[in-house]
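Peer 1: The lines below spell out each chain.
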Amino acid sequence: DTGVSQDPRHKITKRGQNVTFRCDPISEHNRLYWYRQTLGQGPEFLTYFQNEAQLEKSRLLSDRFSAERPKGSFSTLEIQRTEQGDSAMYLCASSLITGNTIYFGEGSWLTVV
Amino acid sequence: GQNIDQPTEMTATEGAIVQINCTYQTSGFNGLFWYQQHAGEAPTFLSYNVLDGLEEKGRFSSFLSRSKGYSYLLLKELQMKDSASYLCAVRDRSFQKLVFGTGTRLLVSP
Numbered sequence: 019d020t021g022v023s024q025d026p027r028h029k030i031t032k033r034g035q036n037v038t039f040r041c042d043p044i045s046e047h048n049r050l051y052w053y054r055q056t057l058g059q060g061p062e063f064l065t066y067f068q069n070e071a072q073l074e075k076s077r078l079l080s081d082r083f084s085a086e087r088p089k090g091s092f093s094t095l096e097i098q099r100t101e102q103g104d105s106a107m108y109l110c111a112s113s114l115i116t117g118n119t120i121y122f123g124e125g126s127w128l129t130v131v
Numbered sequence: 346g347q348n349i350d351q352p353t354e355m356t357a358t359e360g361a362i363v364q365i366n367c368t369y370q371t372s373g374f375n376g377l378f379w380y381q382q383h384a385g386e387a388p389t390f391l392s393y394n395v396l397d398g399l400e401e402k403g404r405f406s407s408f409l410s411r412s413k414g415y416s417y418l419l420l421k422e423l424q425m426k427d428s429a430s431y432l433c434a435v436r437d438r439s440f441q442k443l444v445f446g447t448g449t450r451l452l453v454s455p
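These protein sequence lines map, in sequence, to chains A and B. For what it's worth, this note's numbering labels the leading residue of the first sequence as 19, then goes sequentially. For what it's worth, this note's numbering labels the leading residue of the second sequence as 346, then goes sequentially.
Warning: the hint list may mix true and false statements.
[What the hints assert, rightly or not] Where chain B lies over chain A, by a calculated footprint (3+ residues, C-beta under 8 Å):
| no. | stretch |
| --- | --- |
| 1 | 83-94 |
| 2 | 115-125 |
[What the hints assert, rightly or not] From chain B, some residues computed to sit far from chain A (all C-beta separations above 12 Å):
| no. | residue |
| --- | --- |
| 3 | ILE349 |
| 4 | THR353 |
| 5 | THR389 |
| 6 | SER412 |
| 7 | MET425 |
These are calculated hints, taken from the structure and not from any lab test. Treat the numbers as computed from the prediction; the structure is a model and nothing was measured. For every residue, glycine included, the Cβ atom is placed at its ideal position computed from N, Cα and C.
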């Protein structure tokens, strides 16, 4: 499979716990994006990387959220001290710098109980 | 900032044609995208417009008018499998992230 891969696909956690999601972009894609989507809404931008540099972060990304892309390949999104409001699908996407298409992964569903 | 509006929900009949409108107000514009998203799945790319006019791709067409801040997605010969959410998104000034509308949920009935 050469698409964007996300892991885990589903995560149920207790409030206050930390969770980490991983994203493997399409090979050779320089840009990697994280979005969050709740039911009935469109994806909301969280952050994006160009290679290993994190170039933009949304105001939605509180200090409990951190994302890394250490070698410019895979990325991780960590949420510390989870809250019920963090329950959502976390989408990763990737693209080429010169590309006009952003490809999305299947998403990681987070449920905070 | 950016504001993208699309209808929340639409219904249509199998075999018919449906037009989903999208209006946007943005501080910068570098292309408009349409994605299809089935429930519980990832958005999949449908079309991209950066110049005014109509782009046709099989049963799907997308139109853009930059002066009016308006786009539509036209779906012809509707099939049951077209029941999904259709997301309009604008790429921002810096050619980077996409900003999405809330999506239009399309229900195709027999």
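Peer 1: Taking the hints in turn, state whether each one holds.
Peer 2: Status of each hint after checking the structure:
A stretch counts as covered by a chain when three or more of its residues have a beta carbon under 8 Å from one of that chain; for the stretch 83-94 of chain A and chain B the count is 0, and the coverage is violated. Closer than 8 Å: that is the beta-carbon criterion, and the stretch 115-125 of chain A has 8 residues meeting it against chain B, so the requirement of 3 holds. Non-interface call for ILE349 of chain B relative to chain A: violated, since the shortest CB-CB distance, roughly 8 Å, does not exceed 12 Å. In this structure THR353 of chain B is not separated from chain A by more than 12 Å, as the shortest Cβ-Cβ distance comes to only about 8 Å.
With a minimum CB-CB distance of about 7 Å to chain A, THR389 of chain B fails to clear the 12 Å threshold, and the non-interface call is violated. The non-interface label for SER412 of chain B is consistent with chain A: the shortest C-beta to C-beta separation is roughly 21 Å, beyond 12 Å. Every Cβ of chain A is farther than 12 Å from the Cβ of MET425 of chain B; the closest lies at roughly 22 Å, confirming the non-interface assignment.
Against the hints set out earlier in the document, violations occur for numbers 1, 3, 4, 5.
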